[in-house]
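Undergrad: Working from the sequences, and respecting the hints, build out all of it.
Read top to bottom, the protein sequences are chains A and B.
To convert, note that position 35 of the first sequence is 83 in this note's numbering; the numbers rise steadily by one, no gaps.
To convert, note that position 78 of the second sequence is 58 in this note's numbering; the numbers rise steadily by one, no gaps.
Among these hints, one or two may not hold up.
Between beta-carbon pairs, the in silico distance windows are [to be verified]:
| # | chain 1 | residue 1 | chain 2 | residue 2 | range |
| --- | --- | --- | --- | --- | --- |
| 1 | B | Thr327 | A | Asn91 | 16 to 26 Å |
| 2 | B | Lys145 | A | Asp77 | 52 to 62 Å |
| 3 | A | Asp110 | B | Asn7 | 52 to 62 Å |
| 4 | A | Glu150 | B | Val31 | 32 to 42 Å |
| 5 | A | Lys97 | B | Ile242 | 38 to 48 Å |
| 6 | B | Val31 | A | Ile59 | 37 to 47 Å |
| 7 | B | Ile305 | A | Lys97 | 26 to 36 Å |
| 8 | A | Glu150 | B | Gln352 | 50 to 60 Å |
The calculated DSSO-like cross-link candidates involving lysine-lysine, where the alpha carbons are at most 30 Å apart (straight line), are [to be verified]:
| # | chain 1 | residue 1 | chain 2 | residue 2 |
| --- | --- | --- | --- | --- |
| 9 | A | Lys80 | A | Lys158 |
| 10 | A | Lys113 | A | Lys154 |
| 11 | B | Lys386 | A | Lys158 |
| 12 | B | Lys195 | B | Lys315 |
| 13 | A | Lys142 | A | Lys97 |
| 14 | B | Lys200 | B | Lys145 |
| 15 | B | Lys359 | A | Lys88 |
| 16 | B | Lys309 | A | Lys102 |
| 17 | A | Lys102 | B | Lys386 |
| 18 | A | Lys80 | B | Lys309 |
| 19 | B | Lys359 | A | Lys102 |
| 20 | A | Lys80 | B | Lys386 |
| 21 | A | Lys80 | B | Lys200 |
| 22 | A | Lys158 | B | Lys175 |
| 23 | A | Lys142 | A | Lys154 |
| 24 | B | Lys249 | B | Lys97 |
| 25 | A | Lys80 | B | Lys304 |
| 26 | A | Lys158 | B | Lys3 |
| 27 | B | Lys304 | B | Lys200 |
| 28 | A | Lys154 | B | Lys9 |
| 29 | B | Lys304 | B | Lys374 |
| 30 | B | Lys200 | B | Lys175 |
| 31 | A | Lys97 | B | Lys309 |
| 32 | B | Lys359 | A | Lys90 |
| 33 | B | Lys386 | A | Lys154 |
Derived from the structure by calculation, the hints contain no laboratory data.
The model shown is predicted, which means the values in this text are computed figures rather than measured ones.
Note that CB positions come from ideal geometry on N, CA and C, so glycine has one too.
Okay, here's what each chain looks like letter by letter:
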Amino acid sequence: MTIEEIQNDIIDEFSMFEDWEERYQYMIDLGKTLPLIDEKYKNEDHIIKGCQSKVWVHAEMDNDKIEFTADSDAIITKGIIAILIRVFSNQHPKDIIEADTEFIDKIGLKEHLSPTRANGLVSMIKQIKMYAIAYQTQLS
Amino acid sequence: MNLTETHINFNVENIRKDFPILKREVNGKPLVYFDNAATSQTPQQVIDVIVDYYSSYNANIHRGVHSLSQEATDAYEQARIKIQHHFNAKHAYEVILTAGTTHGINLVANGFSTLLKKGDEVLVSALEHHSNIVPWQMLCERTGAKLKVIPMNQNGELILSEYEKLLNENTKLVFVNHISNALGTINPIEEIIEKAHAIGAAVLVDGAQACPHIKPDVQKLDVDFYVCSAHKICGPTGVGMLYGKEEWLNKLPPYQGGGEMIAEVSFEKTTYAGLPHKFEAGTPNICGGIAFGAAVDYMNTIGFDTIANYENELLEYGTTELLKIEGLKIYGTAKNKISVISFNVGTIHPYDIGTILDKMGIAVRTGHHCAQPIMDFYKIPGTIRASFMFYNTKEEIDLFISSLRKAIAMLS
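TA: Encoded structure:
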């Protein structure tokens, strides 16, 4: 599936919810499906700065596609990073770099997009794109 | 005023009418504002003063001969006198109007650069906010003085026997907050000041968290420097006070150069203005200063004994109700504390709880509260902090507790 297709799927899923409680409950559940980062990568090199909770992200290239794994010590943050990984994992670096992230707004999590928000969603997206840029450089 | 009278005279519903913001909704729910230790809300009486200033007599002060300038100058200097009386400073010129607590601390730390030398020692308490740690670290880097830390116990109280051991003839300065922002502990500053003075060290007390709850008497405390911010006591942001004993303020060099702080200027030599203007370079926050005075008036009209009694009730009620929640742990259980409750629930991350509570209209602070050393001490990433002011109610605490229970259910 393309990044856009996955984003549309997620938008569809979230559109079924009537209130914030259902949305957040779903996000918490998604956090439980997060492909977990290997414990050995849970170090300073993989931590994302700018979050009130700790978030670690690791990326590996497999057949020209990037696989992301992650973890967080906060459940909601784990849900957010799980959504991002579902969108960006197993994609070509170029597609990741070019992808927009407007879907976050459409699934009712706009408040998390504020750069001052302590969960660092913006920092997470930035880090994912940085990995993509790094791997893209290797490819070309 | 005894306790019974206080309760008769204090009607929280009437008080709440003074605060327009308390009527608003957040995420479709009535706002429950429990982030008072970060900033307090502003009553209409203070808002009116701000509006009146800009509508009626906005002008630059201390130099104009025209009427508006005179009116603004009078109002600003009147505010200084109100603040002087509130803190019982001996002279109005010992009250320096600053941009806030952090500004006041930096002003003193900068001034001591010329008074400290290598080998001198500076003590800070383990309970400090970053703003009362970093300026002193910078001071020590500049001067070669050594920074030492007064340790705390598990309850979040400073260990005075350890403090006494740290004091010696090299100790020149002691910095301690009156009340801890992260835990709510009221520190025994009288004793701390007395012991520091006995060996000739000066003491700066950070009163940012104390001033909303108690009325410090700087002469009785015999404190050398006392700093606070207006926005914690129902005033506007961007203005605060540095009280300094006259002899100390005369010893310190000016912090910033500019207009207002000079007597004579030529390219060869400038002579500085006297107190307090020596430390008030440039056009000050005139409106803020006047509104600071109005906030002090507002708080005194209610009365600090009344405030303390009522807030104590809220603290006791909140603590009892919170402790009914399984797995909840309160950090900072000092015998002497103000209406701040810092806690965690089991292994749930404070950020998760804060996020869900916000969805239910409840404003609390989560994180390390700019006091990372305290969080390191307890080996936790942070806490949830609920802080109450006299305009909060038991009903709000009930709403907070039921919302918290809901958040815990979602996150477990």
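Undergrad: Evaluate each hint against the coordinates.
TA: These are the hints, each one checked on the structure:
{"no.": "1", "hint": "B:Thr327 with A:Asn91: 16 to 26 Å", "verdict": "holds, 21 Å"}
{"no.": "2", "hint": "B:Lys145 with A:Asp77: 52 to 62 Å", "verdict": "holds, 54 Å"}
{"no.": "3", "hint": "A:Asp110 with B:Asn7: 52 to 62 Å", "verdict": "violated, 42 Å"}
{"no.": "4", "hint": "A:Glu150 with B:Val31: 32 to 42 Å", "verdict": "holds, 40 Å"}
{"no.": "5", "hint": "A:Lys97 with B:Ile242: 38 to 48 Å", "verdict": "holds, 43 Å"}
{"no.": "6", "hint": "B:Val31 with A:Ile59: 37 to 47 Å", "verdict": "holds, 45 Å"}
{"no.": "7", "hint": "B:Ile305 with A:Lys97: 26 to 36 Å", "verdict": "holds, 32 Å"}
{"no.": "8", "hint": "A:Glu150 with B:Gln352: 50 to 60 Å", "verdict": "violated, 35 Å"}
{"no.": "9", "hint": "A:Lys80 with A:Lys158", "verdict": "holds, 22 Å"}
{"no.": "10", "hint": "A:Lys113 with A:Lys154", "verdict": "holds, 26 Å"}
{"no.": "11", "hint": "B:Lys386 with A:Lys158", "verdict": "holds, 23 Å"}
{"no.": "12", "hint": "B:Lys195 with B:Lys315", "verdict": "holds, 19 Å"}
{"no.": "13", "hint": "A:Lys142 with A:Lys97", "verdict": "holds, 24 Å"}
{"no.": "14", "hint": "B:Lys200 with B:Lys145", "verdict": "holds, 25 Å"}
{"no.": "15", "hint": "B:Lys359 with A:Lys88", "verdict": "holds, 22 Å"}
{"no.": "16", "hint": "B:Lys309 with A:Lys102", "verdict": "holds, 21 Å"}
{"no.": "17", "hint": "A:Lys102 with B:Lys386", "verdict": "holds, 24 Å"}
{"no.": "18", "hint": "A:Lys80 with B:Lys309", "verdict": "holds, 26 Å"}
{"no.": "19", "hint": "B:Lys359 with A:Lys102", "verdict": "holds, 14 Å"}
{"no.": "20", "hint": "A:Lys80 with B:Lys386", "verdict": "holds, 20 Å"}
{"no.": "21", "hint": "A:Lys80 with B:Lys200", "verdict": "violated, 58 Å"}
{"no.": "22", "hint": "A:Lys158 with B:Lys175", "verdict": "violated, 54 Å"}
{"no.": "23", "hint": "A:Lys142 with A:Lys154", "verdict": "holds, 24 Å"}
{"no.": "24", "hint": "B:Lys249 with B:Lys97", "verdict": "holds, 27 Å"}
{"no.": "25", "hint": "A:Lys80 with B:Lys304", "verdict": "holds, 29 Å"}
{"no.": "26", "hint": "A:Lys158 with B:Lys3", "verdict": "holds, 25 Å"}
{"no.": "27", "hint": "B:Lys304 with B:Lys200", "verdict": "violated, 41 Å"}
{"no.": "28", "hint": "A:Lys154 with B:Lys9", "verdict": "holds, 22 Å"}
{"no.": "29", "hint": "B:Lys304 with B:Lys374", "verdict": "holds, 16 Å"}
{"no.": "30", "hint": "B:Lys200 with B:Lys175", "verdict": "holds, 15 Å"}
{"no.": "31", "hint": "A:Lys97 with B:Lys309", "verdict": "holds, 28 Å"}
{"no.": "32", "hint": "B:Lys359 with A:Lys90", "verdict": "holds, 18 Å"}
{"no.": "33", "hint": "B:Lys386 with A:Lys154", "verdict": "holds, 26 Å"}
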